[in-house]
Amino acid sequence: MRHALLIAARDLRERARDRTAYVLAIVLPLGLAGVFTLILGNISGDSQLFTYAVADADRGVVARAFTDDVLRKAAASGAIELRTVSSEREARALVDDGTATAAFLLPAGLTEDVQAGRAARIEVVGDVDAPTGTDIARSLAQAYTDRLAAVRTAVAATVHSGVSTPPAELAAAAATALPRAVVAEDTTGRRQLDAKTQYAAGMAVFFLFFAVQPGVTGLLDERRNGTLARLLAAPVPRSSILAGKLLTSVAVGVVSMTVLVVASSLLMGAHWGHPVGVAALVLSGVLAATGAMAVVAAIAKTSEQAGGWQAIVAIVLGALGGAFFPVSQAGGLLEKLSLLAPHRWFLRGLADLAGGGVTAVLPSVAAMTLFAAVTGAVALLLFRKVVRP
Amino acid sequence: MTVLSCSGLRKRFDDVLAVDDVSFTIAEGETYGLLGPNGAGKTTTISMITGVLERDAGEVVVDGIAMSTHAIAAKRLVGYVPQELALYPDLTGRENLRFFANLYGAARERVDHVLDVVGLAERADDLGREYSGGMKRRLNVAIGLLHEPRLLVLDEPTAGVDPQSRNQILENVRALAAQGMAILYTTHYMEEAERLCDRVGVIDSGRLIAEGTRRELVERLGERDRISLQLDGDLTHATAVLGAIANVRGVAPHGHGLELVVDDARECLPAVLSAISTNGVVVRSVEVTEPNLETVFLHLTGKALRE
Chain G
1 MRHALLIAAR
11 DLRERARDRT
21 AYVLAIVLPL
31 GLAGVFTLIL
41 GNISGDSQLF
51 TYAVADADRG
61 VVARAFTDDV
71 LRKAAASGAI
81 ELRTVSSERE
91 ARALVDDGTA
101 TAAFLLPAGL
111 TEDVQAGRAA
121 RIEVVGDVDA
131 PTGTDIARSL
141 AQAYTDRLAA
151 VRTAVAATVH
161 SGVSTPPAEL
171 AAAAATALPR
181 AVVAEDTTGR
191 RQLDAKTQYA
201 AGMAVFFLFF
211 AVQPGVTGLL
221 DERRNGTLAR
231 LLAAPVPRSS
241 ILAGKLLTSV
251 AVGVVSMTVL
261 VVASSLLMGA
271 HWGHPVGVAA
281 LVLSGVLAAT
291 GAMAVVAAIA
301 KTSEQAGGWQ
311 AIVAIVLGAL
321 GGAFFPVSQA
331 GGLLEKLSLL
341 APHRWFLRGL
351 ADLAGGGVTA
361 VLPSVAAMTL
371 FAAVTGAVAL
381 LLFRKVVRP
Chain B
1 MTVLSCSGLR
11 KRFDDVLAVD
21 DVSFTIAEGE
31 TYGLLGPNGA
41 GKTTTISMIT
51 GVLERDAGEV
61 VVDGIAMSTH
71 AIAAKRLVGY
81 VPQELALYPD
91 LTGRENLRFF
101 ANLYGAARER
111 VDHVLDVVGL
121 AERADDLGRE
131 YSGGMKRRLN
141 VAIGLLHEPR
151 LLVLDEPTAG
161 VDPQSRNQIL
171 ENVRALAAQG
181 MAILYTTHYM
191 EEAERLCDRV
201 GVIDSGRLIA
211 EGTRRELVER
221 LGERDRISLQ
231 LDGDLTHATA
241 VLGAIANVRG
251 VAPHGHGLEL
261 VVDDARECLP
271 AVLSAISTNG
281 VVVRSVEVTE
291 PNLETVFLHL
301 TGKALRE
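Residue numbers (our numbering), protein chains in the order written: chain G, 1 to 389; chain B, 1 to 307.
By construction, these hints were calculated from the structure, which means they are not laboratory data. There may be inaccurate statements among the hints.
Unchecked claim - When the alpha-carbon atoms are kept at most 20 Å apart in a straight line, the in silico EDC-like pairs for lysine to aspartate or glutamate are as follows: (1) Lys301/G / Glu84/B; (2) Lys73/G / Asp135/G; (3) Lys301/G / Asp221/G; (4) Lys73/G / Asp146/G; (5) Lys301/G / Asp263/B.
Unchecked claim - Just so you have them, the derived chain G footprint on chain B, three or more residues with Cβ under 8 Å: (6) 47-58; (7) 73-80; (8) 93-105.
Owing to the predicted nature of the structure, the values given are computational and were not obtained by experimental measurement. Every residue, glycine too, gets a C-beta built ideally from N, C-alpha and C.
Modelling step: build the complete structure from the supplied sequences, incorporating the hints.
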């Protein structure tokens with residue numbers, strides 16, 4: 001073990017003088033996460049991302065229900081910001097000057113139309129530069145009007161069946177039974193990461209696969225530079241040489257991830273979760289990345305060849321594992337394939353950590369550790385050829 | 001006392017038998033030159049001796065410790081200077097030495113000592129990549145000396161080195177041998193082998209085809225020293241006079257003079273010149289030719305050493 005530590009310490013000293021290592025391990029992931037957050041963060045709803053104006057010209061119960069039950073509740077959850085204005089003109093002005101993403105225009109007579117059995121109409125005026133926010137506003141309005149139509153149909157059917165209950169009570173009962181249009185942070189049984197954390201974590205785990213490369217390809221560099229012969233001639237067990245190289249990758253990966261977790265928390269406001277859970281995920285993720293890159297390095301003949309193949313593997317696994325976009329939501333074969341990528345488990349582990357306790361990360365930690373064990377064993381078997389006397 | 005004993009070394013790479021039944025020994029304080037053309041099996045032999053390469057057959061024993069059973073202990077006794085520059089360019093000279101000193105368990109003071117020995121003390125804290133070719137070669141040698149090995153293996157240590165660095169390396173090797181270190185040396189430079197080596201082994205196509213001191217090898221091949229004389233005077237009389245001198249094996253006409261085949265030209269020359277001058281023959285020029293290792297090598301292998 002002493003020899004492995006000596007070899008790793010030497011590698012790390014050399015790496016510390018290589019500026020590209022800092023770029024790959026820290027600057028690029030942090031920078032890209034920041035850029036992604038700036039560009040795409042506004043569509044994910046991790047804060048009051050969309051401001052909606054509502055102009056209620058109806059003043060009736062149907063309009064009030066939409067404003068209070070749908071819009072104000074969404075605003076209360078932090079998903080949107082709501083501004084109530086006195087006129088349609090004012091609402092349109094807010095949209096035109098970009099203050100509001102979209103405006104809900106509740107026309108006069110909306111309640112009367114509904115009560116008279118006519119089609120309910122809520123007009124949505126959207127900002128052309130904010131199509132996503134406009135779509136969401138349209139969906140909210142559509143969900144509400146659909147719900148009104150469903151209630152009306154249910155009441156009509158009940159009345160026609162001869163039940164003596166007053167229509168108003170029937171309507172109230174039907175409305176209660178029908179699903180409400182809600183905007184909330186929980187999208188499934190599991191919590192999702194907010195945008196900043198999602199991108200910070202995605203970029204961190206993506207570039208982790210590049211950060212750990214130099215350690216595992218170090219053996220090929222040693223062979224190219226002639227120093228491998230010197231190491232093999234030294235009174236050092238061959239297993240220590242391999243262990244030293246793997247240790248270098250693990251150390252670089254852990255340091256890189258730690259810096260990224262701290263920096264993204266401080267600079268971008270990312271919420272990684274409980275430190276113990278994050279540490280477990282980081283360590284198992286680093287081991288998995290080291291194992292994967294070690295297999296590629298062990299197959300390659302030169303470090304340059306290894307670098308090329310490793311980049312391909314890192315990109316494919318990263319894309320598959322949802323480092324850029326949540327591939328797991330695509331469903332089907334892609335969703336199943338994504339389970340092969342450590343990135344998927346890392347991000348899932350963080351999401352589980354956000355929604356539960358520290359133990360919630362254990363399935364992800366176990367999956368990544370298994371991945372590391374399998375790839376690490378394969379890499380060691382292959383690398384034995386390189387150092388075999 | 002024998003420091004290195006190799007016996008029956010054999011190594012095959014696929015269909016190529018790179019080393020076949022190579023055996024030799026090196027004694028304490030002895031410098032042994034392993035000579036052979038490219039691809040002859042020198043580096044493969046050295047790699048087996050240093051434990052870098054596994055042997056298909058044979059044994060390497062260093063100071064009584066067998067490489068086959070106690071590889072780590074045996075390796076502690078061997079210093080290795082590979083043919084390639086085996087350095088870390090992004091570490092300083094001192095950091096390179098400290099790393100290997102730690103691997104071998106050598107004392108830290110040895111780092112400064114070997115820096116002095118190879119003349120790199122003033123540039124010790126420069127990065128390896130900033131060294132000249134000669135300085136890199138010297139650092140390459142220094143790493144092999146760190147742990148005061150019993151056997152130092154140098155594989156072409158002066159290849160591509162400037163004259164100043166070459167002289168320094170050769171002087172270091174000579175001094176180390178004088179201190180009792182056993183040295184195994186390969187080189188393409190025949191004059192280095194003649195200058196440094198007490199004995200040489202000639203390896204060709206994986207086999208050790210001859211071994212001994214330079215004179216032993218020369219004599220074994222039937223080669224002798226020659227003295228060529230350009231003369232004015234009675235050559236018939238001179239032939240008779242010179243032929244009568246002890247250690248002169250033959251006299252034959254050669255241009256405007258005579259050529260003598262002798263046992264030891266340096267020993268014979270005074271007697272030859274004295275005999276001629278007392279018999280009225282004027283000597284215009286003298287040329288002494290001693291068969292060297294190049295001649296031996298060419299004779300044995302049919303190739304020049306640099307082929």
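Verification of the hints:
{"no.": "1", "hint": "Lys301/G / Glu84/B", "result": "19 Å, holds"}
{"no.": "2", "hint": "Lys73/G / Asp135/G", "result": "18 Å, holds"}
{"no.": "3", "hint": "Lys301/G / Asp221/G", "result": "10 Å, holds"}
{"no.": "4", "hint": "Lys73/G / Asp146/G", "result": "18 Å, holds"}
{"no.": "5", "hint": "Lys301/G / Asp263/B", "result": "56 Å, violated"}
{"no.": "6", "hint": "47-58", "result": "holds (count 6)"}
{"no.": "7", "hint": "73-80", "result": "holds (count 5)"}
{"no.": "8", "hint": "93-105", "result": "holds (count 7)"}
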